[in-house]
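Number of protein chains: 2
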Amino acid sequence: MKLNSQDVILGILMHESISGYDIKHKFETIFSYFYNASYGTIYPTLGKMEKDGLITKMSVMQEGKPNKNVYTITEEGKRSFHQYLYSEIQDNEMKSDFLVRLHFGEMAEPGLVRHWLEKGLQKAEEELKKIKADEQRYKPYMSPTQEICIEIGITNKENVLRILKDKLSKLKSMEP
Amino acid sequence: MKLNSQDVILGILMHESISGYDIKHKFETIFSYFYNASYGTIYPTLGKMEKDGLITKMSVMQEGKPNKNVYTITEEGKRSFHQYLYSEIQDNEMKSDFLVRLHFGEMAEPGLVRHWLEKGLQKAEEELKKIKADEQRYKPYMSPTQEICIEIGITNKENVLRILKDKLSKLKSMEP
DNA sequence: TCAGACATGTAACAAGTTACATGATTTT
DNA sequence: AAAATCATGTAACTTGTTACATGTCTGA
Numbered sequence: 002m003k004l005n006s007q008d009v010i011l012g013i014l015m016h017e018s019i020s021g022y023d024i025k026h027k028f029e030t031i032f033s034y035f036y037n038a039s040y041g042t043i044y045p046t047l048g049k050m051e052k053d054g055l056i057t058k059m060s061v062m063q064e065g066k067p068n069k070n071v072y073t074i075t076e077e078g079k080r081s082f083h084q085y086l087y088s089e090i091q092d093n094e095m096k097s098d099f100l101v102r103l104h105f106g107e108m109a110e111p112g113l114v115r116h117w118l119e120k121g122l123q124k125a126e127e128e129l130k131k132i133k134a135d136e137q138r139y140k141p142y143m144s145p146t147q148e149i150c151i152e153i154g155i156t157n158k159e160n161v162l163r164i165l166k167d168k169l170s171k172l173k174s175m176e177p
Numbered sequence: 002m003k004l005n006s007q008d009v010i011l012g013i014l015m016h017e018s019i020s021g022y023d024i025k026h027k028f029e030t031i032f033s034y035f036y037n038a039s040y041g042t043i044y045p046t047l048g049k050m051e052k053d054g055l056i057t058k059m060s061v062m063q064e065g066k067p068n069k070n071v072y073t074i075t076e077e078g079k080r081s082f083h084q085y086l087y088s089e090i091q092d093n094e095m096k097s098d099f100l101v102r103l104h105f106g107e108m109a110e111p112g113l114v115r116h117w118l119e120k121g122l123q124k125a126e127e128e129l130k131k132i133k134a135d136e137q138r139y140k141p142y143m144s145p146t147q148e149i150c151i152e153i154g155i156t157n158k159e160n161v162l163r164i165l166k167d168k169l170s171k172l173k174s175m176e177p
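In order, the protein sequence lines correspond to chains A and B.
First residue of the first sequence? That's 2 in the working numbering, and the numbers climb one at a time after it.
First residue of the second sequence? That's 2 in the working numbering, and the numbers climb one at a time after it.
Some hints could be false.
Any copy, or any two copies together, can satisfy a pair, since identical chains are not distinguished.
[Stated by the list, open to error] List of simulated lysine-lysine pairs, DSS-like, C-alpha gap at most 27 Å:
1) K27 - K3
2) K140 - K171
3) K124 - K173
4) K3 - K130
5) K69 - K58
6) K166 - K133
7) K3 - K25
8) K140 - K173
9) K140 - K79
10) K120 - K3
11) K131 - K120
12) K52 - K27
Rather than coming from a laboratory, the hints here were simulated on the basis of the structure.
Please model the complete structure; the sequences and the hints are all you need to start from.
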C-alpha cells in the first residue's frame with residue numbers, strides 16, 4: 002500500500018502525544034523535504050483514527066493560548082504502525098514543477114528560462130538555509146537515522162544550488 | 002494552480018504528436034525522476050483535453066502492432082500551455098517513504114533499519130543506472146535545459162548512493 | 001485595535017491510483 | 001501455447017487540496 006498521512010502521523014505519535022497543529026509544524030520543519038500534508042488532511046485523518054481506535058483525544062488547557070486537542074496512540078495504533086514498518090518500502094513520489102519547466106525550456110523564451118533558473122536558485126538557497134537552521138535547532142533530539150535523513154536533504158539541496166549557480170554564471174558570461 | 006498531468010502532456014505534445022501509450026513511456030524514462038502518471042490518469046486526461054479542443058485525435062495503423070491513437074496539439078492547446086509557462090512556479094511535491102522510515106528508525110529493530118538502508122542503496126543503484134542509460138539513449142535529442150534536468154537527477158542519486166554506502170560501511174565495521 | 005501566532009474544523013472539489021477488462025501481435 | 005509487448009479504456013475508490021469558517025490570546 003502507498004505511503005499515506007495516517008502512517009506518518011502514527012509514527013509521530015509513537016514518539017510523543019501531540020496536537021494536529023503541532024503535527025503540521027513538524028511537517029513544515031523536520032519533514033519539509035520528504036513529506037507534507039495540509040490541515041485539511043491532518044484534522045480529518047486524526048478524527049478517523051480516533052474513530053478507528055488507533056488514537057485517543059485529550060483536551061489540554063494552556064496558559065496564554067487556546068486549548069488544544071492532544072492525541073495519544075493506543076495499543077491498536079502501535080500495532081497498525083508496526084504493520085506499516087514491516088510492509089514493502091514504496092517508491093518515491095516526486096513532482097517537480099521546476100524540473101518540468103526546465104525540461105520544456107525550448108518552448109519558452111530565453112529570458113523566461115533564465116527567470117526560472119534565478120527563481121530556482123533563490124528557492125534552493127532559502128530552503129537550504131531553512132533545513133540547516135532546523136538541523137541546528139533539532140540536532141540535540143535527533144536519532145542517528147534522522148541525521149542520515151537530514152544529511153541527504155542538505156547535500157541534495159547543495160547539489161542543486163551548485164549546478165544552478167554554475168549554469169547561471171555560464172549564461173551571464175555569454176550574454177552579460 | 003498546482004502542477005498537473007494536463008500541462009505536462011501539453012508540453013510533450015508541443016514537441017511531437019504522440020499516443021497515450023508513448024506518453025507513459027516518456028514518464029517512465031526521461032521524466033522518471035521528476036514526474037509520473039499512470040494510464041488511469043493519462044487516458045482520461047487525453048479524452049478530456051480532446052473534448053475541450055486542446056488536442057485532436059488521429060487513428061494510426063501500424064504494421065505488426067495494434068493501431069494507436071495519436072494526439073496533436075491545437076492552437077487552443079498551445080495557448081493553454083503558454084498560460085502554464087507564464088504562471089508561478091509551484092513548490093516541489095515530494096513524498097519519500099524511504100526517508101519517512103529512516104526518520105522513524107528508532108521505532109524499528111536495528112536489523113530492519115539495516116534492511117531499509119540496503120534496499121535503499123540497491124534501489125538508488127538501479128535508478129542511477131537507469132537514468133544514465135536513458136541519458137546515453139536520449140542525449141542526442143536533448144536540449145541544454147534538459148541536460149540541466151538530467152544533471153540534477155544524476156548527481157542527486159549519486160549523492161544518496163554515496164551517503165548510504167558510507168553509512169552501511171560504518172554499520173558493518175561496528176557489527177560485522 | 002490590529003497583526004500575528006495559536007488552534008480546530010468542514011465542505012466542495014480535484015486529481016490520481018488500482019484493479020479490472022479487453023484485445024492485437026510477436027517472440028519464444 | 002504461453003509470455004511479452006503493444007495498446008486503450010473504465011469504474012470504484014482513496015487521498016488530498018483549497019477555501020471557507022471560527023475563535024483565543026498576546027504583544028506592539
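Practice item. Please flag the earlier hints that this structure goes against, numbers listed from lowest up. Key: none
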